[in-house]
Amino acid sequence: MSSASIEKAADELMASYAECIDDGRFDDWLELFTEDASYKVVARDNHDRGLPATMVLCTNKNMIRDRIAALHGATKYNFHYDRHVVGQLRVRPRSDDEWELRASYAVFQTSDEGRSSLFSVGRYLDRVRMEGERLLFCEKTVVVDTFAIPGMLATPL
Amino acid sequence: MSSASIEKAADELMASYAECIDDGRFDDWLELFTEDASYKVVARDNHDRGLPATMVLCTNKNMIRDRIAALHGATKYNFHYDRHVVGQLRVRPRSDDEWELRASYAVFQTSDEGRSSLFSVGRYLDRVRMEGERLLFCEKTVVVDTFAIPGMLATPL
Amino acid sequence: MSSASIEKAADELMASYAECIDDGRFDDWLELFTEDASYKVVARDNHDRGLPATMVLCTNKNMIRDRIAALHGATKYNFHYDRHVVGQLRVRPRSDDEWELRASYAVFQTSDEGRSSLFSVGRYLDRVRMEGERLLFCEKTVVVDTFAIPGMLATPL
Chain D
1 MSSASIEKAA
11 DELMASYAEC
21 IDDGRFDDWL
31 ELFTEDASYK
41 VVARDNHDRG
51 LPATMVLCTN
61 KNMIRDRIAA
71 LHGATKYNFH
81 YDRHVVGQLR
91 VRPRSDDEWE
101 LRASYAVFQT
111 SDEGRSSLFS
121 VGRYLDRVRM
131 EGERLLFCEK
141 TVVVDTFAIP
151 GMLATPL
Chain U
1001 MSSASIEKAA
1011 DELMASYAEC
1021 IDDGRFDDWL
1031 ELFTEDASYK
1041 VVARDNHDRG
1051 LPATMVLCTN
1061 KNMIRDRIAA
1071 LHGATKYNFH
1081 YDRHVVGQLR
1091 VRPRSDDEWE
1101 LRASYAVFQT
1111 SDEGRSSLFS
1121 VGRYLDRVRM
1131 EGERLLFCEK
1141 TVVVDTFAIP
1151 GMLATPL
Chain C
2001 MSSASIEKAA
2011 DELMASYAEC
2021 IDDGRFDDWL
2031 ELFTEDASYK
2041 VVARDNHDRG
2051 LPATMVLCTN
2061 KNMIRDRIAA
2071 LHGATKYNFH
2081 YDRHVVGQLR
2091 VRPRSDDEWE
2101 LRASYAVFQT
2111 SDEGRSSLFS
2121 VGRYLDRVRM
2131 EGERLLFCEK
2141 TVVVDTFAIP
2151 GMLATPL
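Chains as they are written, first to last, in this note's numbering: chain D, 1 to 157; chain U, 1001 to 1157; chain C, 2001 to 2157.
Isolated chain D (complex conformation):
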C-alpha cells in the first residue's frame, strides 16, 4: 500500500477507535484489534522508566473481550458519557505490513447531570497491521499522564 493510503487508513482506524468508545459500541470496537492484539494502559512515569507495572493489561483479544464485558456490568452503576479528542496522528513504518501510530488525546467525561470534565490526557503508542484488506491494532498502549484516576477506569481509554 502507498504511504498516503496507509495514512488514510490509520486516520480512519484511530477515529473509529475513539468513536466506538464514545458511542459505547464495544463490539465494533473489539473488531478493530487483531486476535493476538495487546491492550495496555500504563502510567507515563512507569513507561518512561521502563518499569513493567501496568494499570490495565490484556495480552490477547479474548482478554480484551473479557475486560469489556466486566466493564459493561460496572458502568450500570457509574453512568457517564466519554468524549475523545485526538490530536495529530503520526505514522511510521516498522516493517512491510506493520506501522507505528502516535497521537496525543484528551478524554472528557460527562455525568448524568450533563456536566463535563477532563478525565484523562496522555498518548497512544500503537502498532497496527494489515490483515487482508483491513488495518487493525496489534498493540495498543495508552500512556496516561493522568494516573490519579478520578473515579474508576470504567471504559477503555
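To be clear, the hints were calculated from the coordinates, so they are not data collected in a lab.
Hints are not guaranteed to be accurate.
Derived pair list, reagent style BS3-like, types lysine-lysine, alpha-carbon separation capped at 27 Å [to be verified]:
(1) U/1008 <-> U/1040
(2) D/8 <-> D/40
(3) D/8 <-> C/2008
(4) D/8 <-> U/1008
(5) C/2008 <-> C/2040
(6) U/1061 <-> U/1008
(7) U/1008 <-> C/2061
(8) D/61 <-> D/40
Here are some of the chain C residues that sit facing chain D, going by a computed Cβ distance under 8 Å [unchecked claim]:
(9) 2010
(10) 2014
(11) 2015
(12) 2081
(13) 2083
(14) 2086
(15) 2114
Note that this is a predicted model, so its numbers are computed, not measured.
Heads up, the beta-carbon is just placed ideally off N, CA and C, and yes, glycines get one too.
Once you've looked at the hints, dock chains U and C against the given chain D.
Same frame as chain D, now just chains U and C:
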C-alpha cells in the same frame, strides 16, 4: 470532485467554522451555510433516543442570522473568548453532491480575567453540499454531551 | 514543493513541536527553528489590538536557547507533565519558500500526583520556511486566550 479534494475542502470548511466563531467573525461564519441550511444544538441523550427536543433550532439561514444578531447583543454583558479544538474529521458521501461530516469537539471559554475552562464537549454530525465552487453546510447538528450549560449559550457551538 | 508535500511537512513539523515539548526533549525542539527565528507568547487581547506587549519574546534562536536553559533550572522545583492537543492545521503560502500555519491548541498539565488540568488554550500563528530539505519555524507566535497563567510559564507553549 475527487475524494481527496472533498476531504480537503471539508477540512477547510470545518476549520473555518471554528475559526470564525473563535474570532467573533459571525458574518463570515454565516457565509459557510447554504440558504436552506439548518443549525441545531441537541442534547446527546435526546439525540440518541430520537427525541425531537432541541436546545437551539434554526431551520434556514435567516433564522441563523437572527439568532446571531440576538447573541451579539447579549455578549456585551457576558464577555468571553471561545476556543474550539476539533478532533479528526470523518467524511462520507451521501449523494453526488452531498457528504456527511463527523468530528468530536471541545470548546473552552476564557473570561475577561484570562481564566480558561472547559465549556462544552460533543460531536458535529453535519451535512455539506457543493454550491458552485464552494462546499457549504446544509445541515449542522451539534450533539452536546454537556447539556448543563454553565452560563448561557452565548455563541454558537 | 507541491502543496500536498508542504501540508504533510507542516503537519509533521507541528506534531514534532508539540511532541518535543511534551517529552521534555528541548534540544530536539530547538532544532525545529531557523537561526533567525522569533518565539513569542502574546495575550490575545494585546494581539487583537495590535499592542506590542508580549509575555515572552525571543528574537533569535540563541535567545530561545537561553530561555530554555533557564526554564530547565526552574522546572526542578515545579515538576509537571505537559500534554498538547492541537486541532486542525491551516497552511497558506506567503512566498516561494515561506508559509503561514495556524492551529488552535489546548495544553494540559499533570502534577506529580497524577492529576491533570487545563493549563492554556490559544492559537499558533506561525511562519515556516524551507531550509535545505527541512521545513522549520522562522516565526512562532503563541496567542494565548489564557493570560492568567496558573503557576508559572515553566515550559514553552
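Structure-inconsistent hints, enumerated in ascending order:
Violated hints (numbers, rising): 7 and 9; every other hint is consistent with the structure.
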